[in-house]
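**Q** If you want the building blocks of each chain, they are given just below.
2 protein chains.
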Amino acid sequence: MVEQEKDAALPAKGNFSEWYNELLRIAEIMDVRYPVKGLYVWHPFGFSIRKNVYSIMRELLDNDHNETLFPLLIPEHEFMKEAEHIKGFEDEVYWVTHGGKDPLEVNLALRPTSETAIYPMYKMWVRSHADLPLKLYQVVNTFRYETKHTRPLIRLREITSFKEAHTVHANWEDAAEQVEEAIRIYQEFYRRLAIPVLPSKRPDWDKFPGADYTIAVDALMPDGKTLQVGTAHHLGSNFAKTFDIKYEDPTGEQVYAHQTCYGISERSIASLVSIHGDDKGLVLPPEVAPVQVVIIPIIFKDGTEVLKECEKVKSTLEEAGIRVTIDASDRRPGAKYYRWEMKGVPIRIEIGPKDLKNNAVIMVFRDSGEKEQVPLNEIKDEVLKRFVTIHANLLAKAETALNNRIFDCVTLDGIQGKLKQGIVRMPWCGKKECGLALEEEIGAGILGIPTGQEGEKSAKCPLCGTDTGTWVYVARTY
Amino acid sequence: MVEQEKDAALPAKGNFSEWYNELLRIAEIMDVRYPVKGLYVWHPFGFSIRKNVYSIMRELLDNDHNETLFPLLIPEHEFMKEAEHIKGFEDEVYWVTHGGKDPLEVNLALRPTSETAIYPMYKMWVRSHADLPLKLYQVVNTFRYETKHTRPLIRLREITSFKEAHTVHANWEDAAEQVEEAIRIYQEFYRRLAIPVLPSKRPDWDKFPGADYTIAVDALMPDGKTLQVGTAHHLGSNFAKTFDIKYEDPTGEQVYAHQTCYGISERSIASLVSIHGDDKGLVLPPEVAPVQVVIIPIIFKDGTEVLKECEKVKSTLEEAGIRVTIDASDRRPGAKYYRWEMKGVPIRIEIGPKDLKNNAVIMVFRDSGEKEQVPLNEIKDEVLKRFVTIHANLLAKAETALNNRIFDCVTLDGIQGKLKQGIVRMPWCGKKECGLALEEEIGAGILGIPTGQEGEKSAKCPLCGTDTGTWVYVARTY
Chain U
0 MVEQEKDAAL
10 PAKGNFSEWY
20 NELLRIAEIM
30 DVRYPVKGLY
40 VWHPFGFSIR
50 KNVYSIMREL
60 LDNDHNETLF
70 PLLIPEHEFM
80 KEAEHIKGFE
90 DEVYWVTHGG
100 KDPLEVNLAL
110 RPTSETAIYP
120 MYKMWVRSHA
130 DLPLKLYQVV
140 NTFRYETKHT
150 RPLIRLREIT
160 SFKEAHTVHA
170 NWEDAAEQVE
180 EAIRIYQEFY
190 RRLAIPVLPS
200 KRPDWDKFPG
210 ADYTIAVDAL
220 MPDGKTLQVG
230 TAHHLGSNFA
240 KTFDIKYEDP
250 TGEQVYAHQT
260 CYGISERSIA
270 SLVSIHGDDK
280 GLVLPPEVAP
290 VQVVIIPIIF
300 KDGTEVLKEC
310 EKVKSTLEEA
320 GIRVTIDASD
330 RRPGAKYYRW
340 EMKGVPIRIE
350 IGPKDLKNNA
360 VIMVFRDSGE
370 KEQVPLNEIK
380 DEVLKRFVTI
390 HANLLAKAET
400 ALNNRIFDCV
410 TLDGIQGKLK
420 QGIVRMPWCG
430 KKECGLALEE
440 EIGAGILGIP
450 TGQEGEKSAK
460 CPLCGTDTGT
470 WVYVARTY
Chain V
0 MVEQEKDAAL
10 PAKGNFSEWY
20 NELLRIAEIM
30 DVRYPVKGLY
40 VWHPFGFSIR
50 KNVYSIMREL
60 LDNDHNETLF
70 PLLIPEHEFM
80 KEAEHIKGFE
90 DEVYWVTHGG
100 KDPLEVNLAL
110 RPTSETAIYP
120 MYKMWVRSHA
130 DLPLKLYQVV
140 NTFRYETKHT
150 RPLIRLREIT
160 SFKEAHTVHA
170 NWEDAAEQVE
180 EAIRIYQEFY
190 RRLAIPVLPS
200 KRPDWDKFPG
210 ADYTIAVDAL
220 MPDGKTLQVG
230 TAHHLGSNFA
240 KTFDIKYEDP
250 TGEQVYAHQT
260 CYGISERSIA
270 SLVSIHGDDK
280 GLVLPPEVAP
290 VQVVIIPIIF
300 KDGTEVLKEC
310 EKVKSTLEEA
320 GIRVTIDASD
330 RRPGAKYYRW
340 EMKGVPIRIE
350 IGPKDLKNNA
360 VIMVFRDSGE
370 KEQVPLNEIK
380 DEVLKRFVTI
390 HANLLAKAET
400 ALNNRIFDCV
410 TLDGIQGKLK
420 QGIVRMPWCG
430 KKECGLALEE
440 EIGAGILGIP
450 TGQEGEKSAK
460 CPLCGTDTGT
470 WVYVARTY
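As you go down the protein sequences, you meet chains U and V in turn. Numbered per numbering that gives the first Met the number 0, the first sequence spans residues 0 to 477. Numbered per numbering that gives the first Met the number 0, the second sequence spans residues 0 to 477.
In case anyone wonders, no lab produced these hints; they're calculated from the structure. A hint or two may mislead.
Because identical chains share one entry, a pair is satisfied inside a single copy or across any pair of copies.
Capping the alpha-carbon separation at 25 Å, the derived lysine to any residue pairs in SDA-like fashion look like this [said to hold, decoys possible]:
1) K100 - E369
2) K419 - T469
3) K12 - W171
4) K311 - G451
5) K313 - Q372
6) K313 - D205
7) K50 - P289
8) K100 - P34
9) K384 - L355
10) K313 - F386
11) K335 - M123
12) K459 - R190
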């Protein structure tokens with residue numbers, strides 16, 4: 000909120016890491032100066048993006064999920080019930096041990112994820128096959144005691160915006176279908192953010208602790224690393240057995256339920272900001288932009304007429320449900336352009352005396368930088384039309400960037416060069432020892448087997464030489 | 000979700016405490032069986048009420064506040080900076096002491112409220128008089144290690160829905176004006192919930208720890224106790240001095256800022272549920288009802304025509320933005336009536352073959368129980384009109400109930416009888432020793448001096464006999 004700081008120059012995007020940090024600061028998304036490592040503060044502008052992004056998520060889920068809210072604190076004895084789950088999380092759980100000055104009788108975990116908070120209740124709620132499927136979700140803060148380098152929106156000690164869904168099904172197949180449905184929902188969610196994502200089945204050693212398998216979606220960040228931006232887990236009846244979640248089937252028998260869970264965090268916003276942004280700052284798809292249109296009055300002497308027209312245009316657009324701001328501040332137009340480009344506003348409208356004479360305005364589009372003269376009576380239609388094309392352009396651009404950076408490699412020769420640029424697709428025999436050796440050798444991770452993969456050409460596993468029709472994504476990851 | 004449990008009978012409302020607990024359960028608002036004392040689970044139906052209630056709050060605040068989000072965890076050294084504040088909270092703060100198996104270098108408090116999380120950032124954000132006023136709010140979970148009897152929505156260890164606003168102003172007077180504005184906002188918020196509230200200035204010993212003064216709003220619960228459902232605090236420059244929040248005034252001088260904070264929690268929903276509900280269950284003002292209209296098809300033999308008409312009515316209402324459900328389940332109509340009355344649905348529409356012949360439907364209103372025949376082509380208008388009158392009726396009824404239970408007493412004689420029924424208004428000299436002695440003697444609390452009080456008749460303080468024109472509210476409180 001200090002002018003001289005905000006107007007500091009943004010590093011070029013080629014310098015991704017610095018660009019990212021400075022963008023979050025100058026565009027007022029997050030403040031990283033909170034006095035605990037790994038905890039950050041949402042600026043109102045960033046929070047407004049978050050609100051729009053999570054509205055899309057809620058819209059998609061509310062179709063056949065219900066929103067709910069479970070407690071943050073999980074008693075130690077519940078948290079410690081599922082052996083695999085504990086192993087996965089025990090090193091990164093925060094523990095509440097004291098209330099006031101007194102030690103608690105039972106230590107309480109800050110949820111790193113809510114299986115062990117929710118499933119004791121599911122045990123009570125699920126009784127009959129008629130209760131299934133049960134599909135609930137919540138948007139909550141979760142906690143991980145990260146020892147690695149933390150980074151705003153990406154690696155956090157408090158994940159402030161964890162959307163987690165937890166579903167219960169009659170059998171394994173229904174749960175598997177729900178995992179696929181979750182991935183479809185996530186793909187649609189990211190399509191709305193103009194972000195292409197790659198779904199793949201994680202290798203066994205990288206699945207969710209306690210799951211039968213995990214399918215994740217990854218986005219490709221500008222620096223060539225991938226960011227896991229959503230996961231869906233088939234829990235089988237592993238947790239159902241631990242938490243005794245049974246239902247009466249139509250024959251009257253008590254059987255264990257099958258479950259799934261799937262999550263999205265503010266990494267969705269990290270990818271949104273990173274993938275579309277440019278050297279001038281944020282570039283936001285219209286649907287999630289806090290300000291969708293900014294109107295800049297160009298005033299020479301008397302601004303009365305111009306400002307009146309700006310207000311008229313604003314009203315017209317607002318009636319169509321568009322989020323509009325007039326920047327009538329004292330700054331020079333150039334400073335205003337800089338500011339609103341930084342904030343990623345999709346369309347800027349400039350209105351000056353010359354334009355009024357022509358019964359027109361100038362429209363400038365944030366994604367392409369193009370300018371266009373638009374007649375006054377066509378402004379609303381043009382804006383709405385452009386919102387659609389801007390979204391399509393951003394998505395197409397991101398898809399091209401992604402596709403240009405997926406490389407097929409059948410040997411390890413030259414793989415390092417490709418991994419610096421993006422994702423490598425390579426044959427893998429499927430054996431854990433080859434997978435781990437590969438990850439070790441190239442210093443990158445196996446993302447997984449692309450979902451829906453079939454009919455791929457046969458090739459040799461570069462580690463053991465076995466013939467295989469399975470190709471996997473490999474990448475440097477966040 | 001087990002039918003036989005849900006359909007258990009609701010105790011009469013006269014039996015308030017049992018009625019309240021059973022209502023939360025049968026109407027599916029909260030599940031109290033979570034395995035930690037004082038932590039509860041929101042059922043989807045309850046959460047949906049919460050969503051509607053907090054939408055109103057956001058709408059009122061977004062006018063000139065910005066929404067934001069600060070971390071939950073507060074480092075001990077920040078939390079312990081403000082002496083009064085510590086005294087007020089140290090016995091009820093939860094402490095995180097371990098990450099994984101290792102003790103943390105700095106213990107972290109779960110926010111009981113966020114002054115000490117937010118104000119270190121305000122120190123950095125506030126620089127110049129041009130930055131003021133700064134008005135932010137967040138909706139978050141906060142924690143209190145309550146040793147008293149806990150109760151869902153009322154006395155919690157995790158307050159899941161704390162709306163806290165924190166404002167910064169140039170001087171004491173501006174902050175005082177903001178406290179008044181906050182109380183106006185809260186009164187409007189509760190008016191939208193059809194709940195009359197009483198604002199009063201809390202006595203000094205009951206103000207927020209670290210504040211200059213506190214104004215609170217109280218609602219009168221059916222059992223005659225009052226529930227504090229919102230507070231606004233003038234913080235003076237107390238926290239500004241502790242956290243070094245200064246700004247440069249127009250003359251170039253560095254001066255301390257003045258601050259306010261004000262909060263609302265899910266107690267708003269406790270009062271909503273309690274004040275309007277009746278022996279049949281919830282009664283919800285239309286604006287916050289998750290289901291605003293339920294349509295019950297009355298089917299004898301072939302239901303095709305009836306169901307078709309139900310769908311048509313539903314579409315018509317949904318086009319007008321109304322939340323409608325058709326209950327086409329197998330239950331008997333009586334069971335359906337019971338169920339939706341329990342859920343507080345404002346209007347029930349019954350459509351049967353006889354009604355279709357008359358080109359009409361039957362409407363039943365939850366608040367009054369009245370029935371009305373409404374022509375098919377007038378349904379939408381009638382529903383919208385009734386939403387307005389239902390809200391007005393609920394508010395009027397609640398206002399009458401409140402006004403009938405405020406009693407003026409000038410002596411302590413007979414005060415116990417009045418306090419059992421509601422609120423007593425009585426003269427008080429203003430001296431702390433008289434106030435504390437009074438509270439001790441009658442086993443009730445001084446709420447405070449009604450805001451805007453002036454020109455009251457002079458009377459004697461019943462403790463010391465001093466003449467005074469000040470009258471205070473006294474009540475048994477939650």
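**Q** Taking the hints in turn, state whether each one holds.
**A** Going through the hints against the structure:
{"no.": "1", "hint": "K100 - E369", "result": "neither (63 Å within a copy, 56 Å between copies)"}
{"no.": "2", "hint": "K419 - T469", "result": "within (23 Å within a copy, 76 Å between copies)"}
{"no.": "3", "hint": "K12 - W171", "result": "neither (46 Å within a copy, 46 Å between copies)"}
{"no.": "4", "hint": "K311 - G451", "result": "neither (52 Å within a copy, 41 Å between copies)"}
{"no.": "5", "hint": "K313 - Q372", "result": "within (17 Å within a copy, 45 Å between copies)"}
{"no.": "6", "hint": "K313 - D205", "result": "neither (51 Å within a copy, 48 Å between copies)"}
{"no.": "7", "hint": "K50 - P289", "result": "both (9 Å within a copy, 21 Å between copies)"}
{"no.": "8", "hint": "K100 - P34", "result": "both (23 Å within a copy, 23 Å between copies)"}
{"no.": "9", "hint": "K384 - L355", "result": "within (22 Å within a copy, 45 Å between copies)"}
{"no.": "10", "hint": "K313 - F386", "result": "within (16 Å within a copy, 32 Å between copies)"}
{"no.": "11", "hint": "K335 - M123", "result": "between (58 Å within a copy, 24 Å between copies)"}
{"no.": "12", "hint": "K459 - R190", "result": "neither (34 Å within a copy, 72 Å between copies)"}
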